[in-house]
Amino acid sequence: MRSVAEPTLQVTDLRTHFFTRAGLVRAVDGVSFTVGRGEIVGIVGESGSGKSVTGFSIMGLIDSPGRVVGGRIAFRGKDLVALAEEDMRKLRGNRISMIFQDANTALNPVIRVDTQLIEAVRAHRGVSVDEARGIAIEGLKLVGIPAPEKRMKSYPHEFSGGMRQRLAIALAFVNQPDLIIADEPTTALDVSIQAQILHETQKLCRERGTSLVWITHDLTVVAGLADHICVMYAGRLVESGPVDDILDNPQHPYTCGLIGSIPSVNSRKKRLFQIPGTAPPLLALKEDCAFRERCPRASKTCAKAPPESKLGPRRMVRCFHPGSDGDDRHPAPAGRRAGTLPQ
Amino acid sequence: MTIFLVRRLMHSIVVLLVMSFVVFAGVFAIGNPVDSLINPESTQEEKERAIEQLGLDRPLLEQYFVFLKNVARGELGTSFVHNRPAIKLILERLPATLELTVAALLFAIVLGVPLGLVAGLNPDTLIGRGILSSSILFFSLPTFWVGLMLIMVFSVDMNWLPTTGRGETVDLWGFKASFLTLDGLRHLALPAVNLGLYPLALMIRLTASGTQETLPQEYIKFARAKGLSPTRIIFLHLLKNIMIPIVTVVGLQFSVLLAFAVVTESIFAWPGMGRLIIDSINLLDRPVIVAYLLVTVIVFLLVNFLVDIVYSTLDPRVRLSGL
Ligand SMILES: Nc1ncnc2c1ncn2[C@@H]1O[C@H](COP(=O)(O)OP(=O)(O)OP(=O)(O)O)[C@@H](O)[C@H]1O
Ligand code: SF4
Ligand SMILES: [Mg+2]
Numbered sequence: 001m002r003s004v005a006e007p008t009l010q011v012t013d014l015r016t017h018f019f020t021r022a023g024l025v026r027a028v029d030g031v032s033f034t035v036g037r038g039e040i041v042g043i044v045g046e047s048g049s050g051k052s053v054t055g056f057s058i059m060g061l062i063d064s065p066g067r068v069v070g071g072r073i074a075f076r077g078k079d080l081v082a083l084a085e086e087d088m089r090k091l092r093g094n095r096i097s098m099i100f101q102d103a104n105t106a107l108n109p110v111i112r113v114d115t116q117l118i119e120a121v122r123a124h125r126g127v128s129v130d131e132a133r134g135i136a137i138e139g140l141k142l143v144g145i146p147a148p149e150k151r152m153k154s155y156p157h158e159f160s161g162g163m164r165q166r167l168a169i170a171l172a173f174v175n176q177p178d179l180i181i182a183d184e185p186t187t188a189l190d191v192s193i194q195a196q197i198l199h200e201t202q203k204l205c206r207e208r209g210t211s212l213v214w215i216t217h218d219l220t221v222v223a224g225l226a227d228h229i230c231v232m233y234a235g236r237l238v239e240s241g242p243v244d245d246i247l248d249n250p251q252h253p254y255t256c257g258l259i260g261s262i263p264s265v266n267s268r269k270k271r272l273f274q275i276p277g278t279a280p281p282l283l284a285l286k287e288d289c290a291f292r293e294r295c296p297r298a299s300k301t302c303a304k305a306p307p308e309s310k311l312g313p314r315r316m317v318r319c320f321h322p323g324s325d326g327d328d329r330h331p332a333p334a335g336r337r338a339g340t341l342p343q
Numbered sequence: 001m002t003i004f005l006v007r008r009l010m011h012s013i014v015v016l017l018v019m020s021f022v023v024f025a026g027v028f029a030i031g032n033p034v035d036s037l038i039n040p041e042s043t044q045e046e047k048e049r050a051i052e053q054l055g056l057d058r059p060l061l062e063q064y065f066v067f068l069k070n071v072a073r074g075e076l077g078t079s080f081v082h083n084r085p086a087i088k089l090i091l092e093r094l095p096a097t098l099e100l101t102v103a104a105l106l107f108a109i110v111l112g113v114p115l116g117l118v119a120g121l122n123p124d125t126l127i128g129r130g131i132l133s134s135s136i137l138f139f140s141l142p143t144f145w146v147g148l149m150l151i152m153v154f155s156v157d158m159n160w161l162p163t164t165g166r167g168e169t170v171d172l173w174g175f176k177a178s179f180l181t182l183d184g185l186r187h188l189a190l191p192a193v194n195l196g197l198y199p200l201a202l203m204i205r206l207t208a209s210g211t212q213e214t215l216p217q218e219y220i221k222f223a224r225a226k227g228l229s230p231t232r233i234i235f236l237h238l239l240k241n242i243m244i245p246i247v248t249v250v251g252l253q254f255s256v257l258l259a260f261a262v263v264t265e266s267i268f269a270w271p272g273m274g275r276l277i278i279d280s281i282n283l284l285d286r287p288v289i290v291a292y293l294l295v296t297v298i299v300f301l302l303v304n305f306l307v308d309i310v311y312s313t314l315d316p317r318v319r320l321s322g323l
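Residue numbers (my numbering), protein chains in the order written: chain A, 1 to 343; chain B, 1 to 323.
There may be inaccurate statements among the hints.
Unchecked claim - Below are the BS3-like pairs computed for lysine-lysine, each with C-alpha atoms no more than 25 angstroms apart in a straight line:
no., chain 1, residue 1, chain 2, residue 2
1, A, Lys78, B, Lys221
2, B, Lys240, A, Lys150
3, B, Lys240, A, Lys153
Claimed, not checked - Taking beta-carbon pairs under 10 angstroms as the criterion, some of the chain A residues facing chain B (in silico):
no., residue
4, Phe100
5, Ala106
6, Glu119
Simulated from the structure, these hints should not be mistaken for laboratory data.
Predicted, not measured: the structure shown is a model, and the values here were computed from it.
Cβ coordinates follow ideal geometry from the N, Cα and C atoms, glycine included.
Whenever a hint applies, use it, and build me the whole structure from the sequences.
Below, the structure is given as structure tokens:
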């Protein structure tokens, strides 16, 4: 039975590790978040923070040497981690679909677009090729690809980058899934095209009540569109909460830094603030807080990994010294206690 | 398409011209056929008459132009040894060699691609490793020795298959073909396996490495993300990408096998061009050698042409006019 209140997706303490020759990579290490029906959740984090691995874990597409080693991924109440491969296959591309980070490499270069669309429909619905073709053409119209009947006969390389991205979106929507995981294209696409595509995807999701997880490295992209934001750093969520709360009242120094580096929010009041340093390599992660080297508030306490602190029903921060102080460029006093807010 | 055809035709003509001159000059340099052709007891006068008759007294370039003029009239010269038109001699034996070559290649593809696929999909299993190791063996065993072993096992010991000749043949468009009769097929089996062992190893390795290169590609992961069945992913998404290098290598192997058929033909007394060309080289029967090489080059060009067409249908990013 599916109750109205039941979220579309509930990820609890997800851990996905890669057992590489060089050592253990904890690409995702204890990530929890919830996506309600028709909700849009943004996962924000810099390169290598584990966003794509989170997405692929939900899809059940983690390959050796990687493995989901712990946690629960409940999709409409059903745990996907425990699901048999054949049952998972029936969900993929059907109830949950994914838009890959790079549409150029995600489409098979030697197979015609119509074949790739039709097979996606027929993998999950018992329709004839002609019916599937009709559904596919409708899908292309939906995402604004001009002359879809004609374009169907093309190969992926005959599309422009933006059109290929639309094609990928059409594929994601074609079976009217309950959940779409969109790994935002980080390369090759024009910023304005990217914004437009995000806007259209969001609109389609709103119209159809589809839940959307939008993965991005840019907080500004999701600031205006998502309902809920998860900030990811070195395989962990460091902060999550409703979008307004995160933007107006960020608690984690990393989130504060991200917001400080948004020009529009900052609008000439201060010099544009950049978070100094780079994320540590995951292989070298120690027991301390992963953000410590870059953190303006770091103290002795931070030699341990900070636990998640719940600030509300769906509001969380993972830091010993949370707070949304305006100026973080001075190190915090060593005696600062966990949970204290500034001012 | 037309541009491609015209360009390919011109290209082929140039290749043929260059080839013919190289062959002509090469054979000229090896030695004077007169010494082996004319009875050593014949008088000086008889010798000179023969030389003049064969046109061997004229300079190289002049002989070459006479040859070209004859080629333009469809004349490749008369065999010094057999006293029959060289091209006829070659064309009589070409079908047998082609049949053997095609059979060997088919054997290699039909067996090699599935085996390579199994090895590529299960590289860390006993069966996968076994397939790859045996392919190394097929690479390194000498054709001659394998041929003798095949005869020993399948003909002498078990008495299953015949060892010599083409068996019963059927007329097919004016040529003799073995593969249309059961007896012919039985005769074809051992030579085809013998000649096909090397390309079989090649197909296995090519398919296995192609599979391993293609599997980690994003489009395979995306195909899985669409919820396609593993069968469809392997036999459409994976295989169609692997077919591209395979077709290229099959094209190249065709020409190689055409030449290597000589060994197999000798072991199994297969009446192809192989024996004829060995004898002709020994006797410096220049017209036959030249005719053989030209026919081989033409077959080679034709095969390449077919490969390019197949290639362009397999890989949409390749345009025929760009080739
Ligand atoms: N196949 C793999 N083998 C080993 N490590 C891996 C593998 N895939 C991912 N990782 C590790 O997981 C980490 C997270 O990778 P992921 O692709 O999720 O980053 P991301 O947040 O999506 O970054 P980007 O914004 O660049 O796409 C990386 O640092 C990488 O080291
Ligand atoms: S736990 Fe300490 S080091 Fe980590 S982010 Fe918070 S203050 Fe900075
Ligand atoms: Mg990524």
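Status of each hint after checking the structure:
1. Lys78(A) - Lys221(B): Roughly 23 angstroms between the alpha carbons, so the hint for lysine 78(A) and lysine 221(B) holds.
2. Lys240(B) - Lys150(A): Satisfied, since the Cα-Cα distance of roughly 23 angstroms is no more than 25 angstroms.
3. Lys240(B) - Lys153(A): holds, 17 angstroms
4. Phe100: holds, 6 angstroms
5. Ala106: holds, 4 angstroms
6. Glu119: holds, 6 angstroms
In summary, this structure violates none of the numbered hints.
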